[in-house]
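**Q** Each chain, letter by letter, is given below.
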Amino acid sequence: MKYLLVIILLSFISCTSPKPHNALVLQTDFGTKDGAVAAMRGVARGVDANLDIFDLTHEIPAYNIWEAAYRLHQSVGYWPTGTVFVSVVDPGVGSERKSVVARLKSGVFIVTPDNGTLTLLVESPGIEAIRQIDEKINRRQGSDSSYTFHGRDVYVYTAARLAAGVISFEETGPLLQNKVVALPYQKAVKEDAVLSGMIPVLDIQYGNVWTNIPDSLVSLAGIQRGDTLLLDVFHKDSLVFTGKLPMAHTFADVAEGQSLAYLNSLMNLSFAVNQGSFAEKFKVGSGNEWRVKIQPFDKLRGRSTNLK
Amino acid sequence: MKYLLVIILLSFISCTSPKPHNALVLQTDFGTKDGAVAAMRGVARGVDANLDIFDLTHEIPAYNIWEAAYRLHQSVGYWPTGTVFVSVVDPGVGSERKSVVARLKSGVFIVTPDNGTLTLLVESPGIEAIRQIDEKINRRQGSDSSYTFHGRDVYVYTAARLAAGVISFEETGPLLQNKVVALPYQKAVKEDAVLSGMIPVLDIQYGNVWTNIPDSLVSLAGIQRGDTLLLDVFHKDSLVFTGKLPMAHTFADVAEGQSLAYLNSLMNLSFAVNQGSFAEKFKVGSGNEWRVKIQPFDKLRGRSTNLK
Amino acid sequence: MKYLLVIILLSFISCTSPKPHNALVLQTDFGTKDGAVAAMRGVARGVDANLDIFDLTHEIPAYNIWEAAYRLHQSVGYWPTGTVFVSVVDPGVGSERKSVVARLKSGVFIVTPDNGTLTLLVESPGIEAIRQIDEKINRRQGSDSSYTFHGRDVYVYTAARLAAGVISFEETGPLLQNKVVALPYQKAVKEDAVLSGMIPVLDIQYGNVWTNIPDSLVSLAGIQRGDTLLLDVFHKDSLVFTGKLPMAHTFADVAEGQSLAYLNSLMNLSFAVNQGSFAEKFKVGSGNEWRVKIQPFDKLRGRSTNLK
Chain A
197 MKYLLVIILL
207 SFISCTSPKP
217 HNALVLQTDF
227 GTKDGAVAAM
237 RGVARGVDAN
247 LDIFDLTHEI
257 PAYNIWEAAY
267 RLHQSVGYWP
277 TGTVFVSVVD
287 PGVGSERKSV
297 VARLKSGVFI
307 VTPDNGTLTL
317 LVESPGIEAI
327 RQIDEKINRR
337 QGSDSSYTFH
347 GRDVYVYTAA
357 RLAAGVISFE
367 ETGPLLQNKV
377 VALPYQKAVK
387 EDAVLSGMIP
397 VLDIQYGNVW
407 TNIPDSLVSL
417 AGIQRGDTLL
427 LDVFHKDSLV
437 FTGKLPMAHT
447 FADVAEGQSL
457 AYLNSLMNLS
467 FAVNQGSFAE
477 KFKVGSGNEW
487 RVKIQPFDKL
497 RGRSTNLK
Chain B
197 MKYLLVIILL
207 SFISCTSPKP
217 HNALVLQTDF
227 GTKDGAVAAM
237 RGVARGVDAN
247 LDIFDLTHEI
257 PAYNIWEAAY
267 RLHQSVGYWP
277 TGTVFVSVVD
287 PGVGSERKSV
297 VARLKSGVFI
307 VTPDNGTLTL
317 LVESPGIEAI
327 RQIDEKINRR
337 QGSDSSYTFH
347 GRDVYVYTAA
357 RLAAGVISFE
367 ETGPLLQNKV
377 VALPYQKAVK
387 EDAVLSGMIP
397 VLDIQYGNVW
407 TNIPDSLVSL
417 AGIQRGDTLL
427 LDVFHKDSLV
437 FTGKLPMAHT
447 FADVAEGQSL
457 AYLNSLMNLS
467 FAVNQGSFAE
477 KFKVGSGNEW
487 RVKIQPFDKL
497 RGRSTNLK
Chain C
197 MKYLLVIILL
207 SFISCTSPKP
217 HNALVLQTDF
227 GTKDGAVAAM
237 RGVARGVDAN
247 LDIFDLTHEI
257 PAYNIWEAAY
267 RLHQSVGYWP
277 TGTVFVSVVD
287 PGVGSERKSV
297 VARLKSGVFI
307 VTPDNGTLTL
317 LVESPGIEAI
327 RQIDEKINRR
337 QGSDSSYTFH
347 GRDVYVYTAA
357 RLAAGVISFE
367 ETGPLLQNKV
377 VALPYQKAVK
387 EDAVLSGMIP
397 VLDIQYGNVW
407 TNIPDSLVSL
417 AGIQRGDTLL
427 LDVFHKDSLV
437 FTGKLPMAHT
447 FADVAEGQSL
457 AYLNSLMNLS
467 FAVNQGSFAE
477 KFKVGSGNEW
487 RVKIQPFDKL
497 RGRSTNLK
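Chains as they are written, first to last, in this note's numbering: chain A, 197 to 504; chain B, 197 to 504; chain C, 197 to 504.
Just chain A, same shape as in the assembly (with noise of 0.2 Å):
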């Protein structure tokens, strides 16, 4: 009789508390047209049939580290504790770059070469612990040979292998000084009334321009809904756009073509025309060398009147 028991609470443990199986989510600048990405999700379920994959995007432009690190940026936190994500941009595949997995402070894992792509992590939600990828334990079998595809012989294998849990934290590898290679960029920041930052991308679909700037330093600058705000563009040294735009509340708050600063789904101050494309019609292109200056066109134009 007590066998039975110890036999019907290991059936019940068995069915109730199943071995927890996290999500992999997939980054690459592959692109969908070929089978790299079909060989990784392969690899990956090979590991454990259990495993849900997913996909950030394959579409990062071919090496652009820069736009990867803002997509993990721009998504890592809408997924819950646990999660792998795997983030292969890796034009120096082969050379020194280390192989690492970032234990996010969100509880998030990202496994990749450490090359940039966890720039804009560090602020947000931060790093908590960085690991080298052991690659003599952590690399899929009969791999050894092959050297251009680290992103399915050891970055997929071992993020498919921490989220079936099959290897720890721990076991990816030696643990790191709490420092990544970091990308330059211009943070946001406020002189008196002007908030400056930089252009870290454009929301492709829409052709809508955004800005590093948080809600938190427009409202810093007093700046409201309907308010009019002087923007200038700047690539390197030379103004591209200069204007006047209402901050909307929502695109409809303007017509059909004209112009509007908002919020993003970020929360960042962003620029879009409704129903148009802001950047293809002003020629505004994104990263570093993209600058933005932004004040209050009213409080402007008061205090100049104040001054005279």
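In case anyone wonders, no lab produced these hints; they're calculated from the structure.
Incorrect hints may appear among the rest.
Identical copies carry no separate label here, and so any pair may be met within one copy or between two of them.
Straight line, CA to CA, 25 Å or less: simulated BS3-like cross-link-like pairs of lysine-lysine [what the hints assert, rightly or not]:
| no. | residue 1 | residue 2 |
| --- | --- | --- |
| 1 | Lys375 | Lys229 |
| 2 | Lys489 | Lys383 |
| 3 | Lys229 | Lys479 |
| 4 | Lys332 | Lys432 |
| 5 | Lys229 | Lys477 |
| 6 | Lys301 | Lys479 |
| 7 | Lys332 | Lys479 |
| 8 | Lys375 | Lys477 |
| 9 | Lys432 | Lys301 |
| 10 | Lys386 | Lys477 |
| 11 | Lys229 | Lys440 |
Knowing the structure of chain A, use the given hints to seat chains B and C on it.
**A** Okay, now just chains B and C, sitting in the frame of chain A:
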């Protein structure tokens, strides 16, 4: 002993009747180049790790509500009862359009802004009931200040909770009148032997031209395989194409490069060039401004002869 | 008490031995802009809610059977036994080509029209058996009148039932002779120190040029890292490129913008420009009309000297 039996039964039930996990299917005009869709997937995953998340497409042309409506029309019929679709093509985000959940007569749910997305589902399979999402309850925690990404903060969040059984259809919000915002379109009609209709969409990948004229009308007009058809295509009031085509069974019925008429995968009358692009060759587009007129040429000639 | 034990055992079995759910992997030339792939996913989901559905790619260029064959070749090896692939690039839909299920020697299944898709799987991993789909039994209910979308009505339906264990391989249809429709292609050969082969495909995302010459032949020709190679590329009979390249270990072995030879992720000889596009720079394409000839330049020169 009685307790034992209860435990065993509970254990049995928890195993053999797992909580049903319905499919969640996402459609947007966000494209797949950035992190927006991944943020939506993450929100859904955070609701329930057992949800199965699929894509309809994320490549609806920006703001093109009509095409979103058509893609739903093209695919909802193939998904089982209980599937929850999220469709976010939302140029009016933040404005007065309603956020709704529609239950179709097939038992499938659509979560979407009510801006025309539901147009083609009214006819088939029909809408059983519509509820307006109560955003006070059905909104991702911490998203109150965000107003530009309802897809992430309201729609996928509500859809995931509905698919996972966290909330019932009734709990999504108050019942609306069974009436949706509908986009205008020319329905298919038959007058004598002449069939008229519109070109709702192009089969873009191949350049085939699809109409909304169903096989039932084609049969009614007495058109059979091998018949020669006379086709006129109009854009607004101007004739863009006129020509004769055989009614074929398969593309292989005509030589490479030849035009043909056929019934497409939705059993609607369509036009193609075997291993070429009808749309490109004859500069044909799609939308409510594109109309077609088809009649059996043989019978036309036959009839003309009779009339002489 | 005996009944009790039986119940417990049944309960235990139902928990610890869930019906195996194999992966279903889809490949088409449908693109991802419309609802066709989603209709296929829905049909599979309707067969069994426990199926895991993945994508190989849907961006095979329209009607390009060769590329479909190559993408299978590139990825099937990374998926576990029992995985069922569906590959639909089917210009002859509705004509006489056979619908088949091939069981590979690796235990993976391919469901496809037998029109050349299986060409490269014959060599590796090899085909164990082929059956012709009996469409009288293996066809989605209510799809009898449709004849243009076998991918949805026959292939994915049969593949999903096979993956879910609803039908066995034997039940897909009658055994065929172990012989498939094969597309012509130039196999890789070595004559003296000269390696010849073709360019089966471009690594499109990066513009790298892949050949079908395996590392085994490269070794046999005595080519080692650091050697200089003489490469000739021909389109039909005309020489498109001739030049010298170093045999590199990784892209980082040469400066940005420099050409190199390397072994790709399938361990085939390939050519690239570090952080550039070899294919674009030298206008190189792919397919059976594109051939390459490679020889070690150092040894060539050495030998020439000897002959003097």
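**Q** Checking an output row: Lys332 and Lys432, CA cutoff 25 Å. Within, between, both or neither?
**A** neither (45 Å within a copy, 45 Å between copies)
**Q** Within, between, both or neither: how does the pair Lys386, Lys477 come out at a Cα-Cα threshold of 25 Å?
**A** neither (27 Å within a copy, 46 Å between copies)
**Q** Reference check for the pair Lys229 and Lys440, CA-CA at most 25 Å: within, between, both, or neither?
**A** For Lys229 and Lys440, the Cα distance exceeds 25 Å both inside one copy (42 Å) and across copies (30 Å).
**Q** When Cα atoms must be at most 25 Å apart, do Lys375 and Lys229 count as within-copy, between-copy, both, or neither?
**A** neither (35 Å within a copy, 29 Å between copies)
**Q** My question is about Lys229 and Lys477: at a cut-off of 25 Å on alpha-carbon distance, are they close within one copy, between copies, both, or neither?
**A** between (30 Å within a copy, 21 Å between copies)
**Q** Checking an output row: Lys301 and Lys479, CA cutoff 25 Å. Within, between, both or neither?
**A** For Lys301 and Lys479, neither the intra-copy (38 Å) nor the inter-copy (48 Å) Cα distance is at most 25 Å.
**Q** Have a look at Lys489 and Lys383 and pick one of within, between, both or neither, based on CA distance no larger than 25 Å.
**A** within (12 Å within a copy, 52 Å between copies)
**Q** Between copies, within a copy, both or neither: which fits Lys432 and Lys301 at Cα up to 25 Å?
**A** neither (35 Å within a copy, 58 Å between copies)
**Q** How would you classify Lys332 and Lys479 at a CA-CA limit of 25 Å: within, between, both, or neither?
**A** neither (49 Å within a copy, 40 Å between copies)
**Q** Treating 25 Å as the Cα threshold, decide for Lys229 and Lys479: within, between, both or neither.
**A** between (29 Å within a copy, 20 Å between copies)
**Q** Using 25 Å as the alpha-carbon threshold, which applies to Lys375 and Lys477: within, between, both, or neither?
**A** neither (40 Å within a copy, 39 Å between copies)
Of the numbered hints listed earlier, those contradicted by the structure are 1, 4, 6, 7, 8, 9, 10 and 11.
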